[in-house]
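Student: Chain residues, written in single-letter form:
There are 2 protein chains.
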Amino acid sequence: MAGLIAPVARLIDELNRLPGVGRKTAQRLAYHVLRAPADEARALAAALVAVKEEVAYCSVCCNITEAGVDPCAICADPRRDAARICVVEEPLDVLAIERTGEFRGRYHVLHGAISPIDGIGPDRLRVSELLARVRTGGVEEVILATNPNLEGEATAMYLADQLGAAVPIVSRIARGLPVGGDLEYADDVTLIRSFQGRRQVERG
Amino acid sequence: MAGLIAPVARLIDELNRLPGVGRKTAQRLAYHVLRAPADEARALAAALVAVKEEVAYCSVCCNITEAGVDPCAICADPRRDAARICVVEEPLDVLAIERTGEFRGRYHVLHGAISPIDGIGPDRLRVSELLARVRTGGVEEVILATNPNLEGEATAMYLADQLGAAVPIVSRIARGLPVGGDLEYADDVTLIRSFQGRRQVERG
Chain A
3 MAGLIAPVAR LIDELNRLPG VGRKTAQRLA YHVLRAPADE ARALAAALVA VKEEVAYCSV
63 CCNITEAGVD PCAICADPRR DAARICVVEE PLDVLAIERT GEFRGRYHVL HGAISPIDGI
123 GPDRLRVSEL LARVRTGGVE EVILATNPNL EGEATAMYLA DQLGAAVPIV SRIARGLPVG
183 GDLEYADDVT LIRSFQGRRQ VERG
Chain B
3 MAGLIAPVAR LIDELNRLPG VGRKTAQRLA YHVLRAPADE ARALAAALVA VKEEVAYCSV
63 CCNITEAGVD PCAICADPRR DAARICVVEE PLDVLAIERT GEFRGRYHVL HGAISPIDGI
123 GPDRLRVSEL LARVRTGGVE EVILATNPNL EGEATAMYLA DQLGAAVPIV SRIARGLPVG
183 GDLEYADDVT LIRSFQGRRQ VERG
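Same order as they appear, the protein sequences are chains A and B.
For the record, in the first sequence the residue sitting at position 95 is 97 according to the working numbering, with numbers rising by one throughout.
For the record, in the second sequence the residue sitting at position 84 is 86 according to the working numbering, with numbers rising by one throughout.
Heads up, a few of these hints could be off.
To be verified - Ranges of calculated distance between the beta carbons of each label pair, as one might list FRET restraints:
id: 1; chain 1: B; residue 1: D83; chain 2: A; residue 2: H34; range: 48 to 56 Å
id: 2; chain 1: A; residue 1: A40; chain 2: B; residue 2: I119; range: 26 to 34 Å
id: 3; chain 1: B; residue 1: N151; chain 2: A; residue 2: P73; range: 53 to 61 Å
id: 4; chain 1: A; residue 1: N18; chain 2: B; residue 2: G123; range: 32 to 40 Å
id: 5; chain 1: A; residue 1: R81; chain 2: B; residue 2: N149; range: 51 to 59 Å
id: 6; chain 1: B; residue 1: G121; chain 2: A; residue 2: A75; range: 40 to 48 Å
id: 7; chain 1: B; residue 1: G22; chain 2: A; residue 2: A40; range: 19 to 27 Å
id: 8; chain 1: A; residue 1: E186; chain 2: B; residue 2: V191; range: 32 to 40 Å
id: 9; chain 1: B; residue 1: A156; chain 2: A; residue 2: N18; range: 27 to 35 Å
What the hints assert, rightly or not - Below, in silico cross-link-like pairs of lysine-lysine (DSS-like), each with a Cα-Cα straight-line distance of 27 Å or less:
id: 10; chain 1: A; residue 1: K54; chain 2: B; residue 2: K54
id: 11; chain 1: A; residue 1: K26; chain 2: B; residue 2: K54
id: 12; chain 1: A; residue 1: K26; chain 2: B; residue 2: K26
Stated by the list, open to error - Pulled from the structure, derived: some chain A residues nowhere near chain B, Cβ distances all over 12 Å:
id: 13; residue: L6
id: 14; residue: I14
id: 15; residue: E42
id: 16; residue: A58
id: 17; residue: E100
id: 18; residue: P118
id: 19; residue: L133
id: 20; residue: Y160
id: 21; residue: A176
id: 22; residue: L179
id: 23; residue: R195
No wet-lab data here; the hints were simulated from the structure.
Even for Gly, the Cβ is constructed at its ideal location relative to N, Cα and C.
Extracted from the complex, chain A is given alone in its bound form:
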């Protein structure tokens, strides 16, 4: 296209490959980079390369870790309860849970969820690593914290089945009304779940 020079066209194409970045957004970002100081573009470029070169996977929990740091900081932390393993789909989920400060056990990252429609079976996930980990003993509870959607539920059910008697407790995070949410606007499935998951109120 006239007016679109090669280096800019190439950058637009590359940005366009990122998830959620359409053609228009890619153009806007590319022209922002053009206007921005060269240092800013170079810093982003360096960070992109570094993330591929300096990131490895923890041999215990399969979460990302800095290259050379294996097991990862969480798995190596003696203050973290090794008897409790929280299973999540993605490294971002670990981040979200860590932010709450609620969980002091360890993690296992599956790197996805079972999705027959996308051709993703258990063999494509880090399931065998989890089972091996549990079989070495010392694990009292596996908390299934996969997403509360179709794929996440299927994955949780599959794992609960596979874990069987290898671990005393297998639990699933609660599904219910989000805090600050409004009952009136809740979808039916969430509402049903929040009834099914109701707990007796302790009284004095």
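Starting from the known structure of chain A, fit chain B onto it as the hints suggest.
Tutor: Below, chain B alone, put in the same frame as chain A:
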């Protein structure tokens, strides 16, 4: 934050500096890069660096051009009418107009618009280059195609004033209802403009 390793944190920070990319989006993009093939990350990094190194500005129209290609492809094209100059704010605007195929003249890119609130006066734009270009003669019409917003209108008025008698015709692109738009939902200013800009219908 626990779970957030240094190279990933750095990439999130850098992505977060892009316009319209919030913290959550930056996280999502960073983890996408982590999962993506290393080649994809490297290609994006290379494109970012290249765009700063291989892009220059045309000494005639101030639009971006490939380094070493000066004047730019449009200014160097003898089929483009040198007597008609379309003034736009940004290189992206050139792209948008070129896409229509409607305009066969040349461009002048201001690289911004007058915005007193942001401290951007005419001296920060490529205004003197435009005036010098027009004064060398041969220009019959300058089409002011700055954005139809406050800054764009102010810039157009300023330029119309500055161009004065140096060019026979100074025109402004039409403002009115967008094609496919709905009169009922048009804002008042647009509706007023579309009445002010009405044209007599030719009848046989």
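Student: Checked against the structure, which of the hints given earlier come out wrong?
Tutor: Hints 1, 13, 14, 15, 16, 17 not satisfied by this model.
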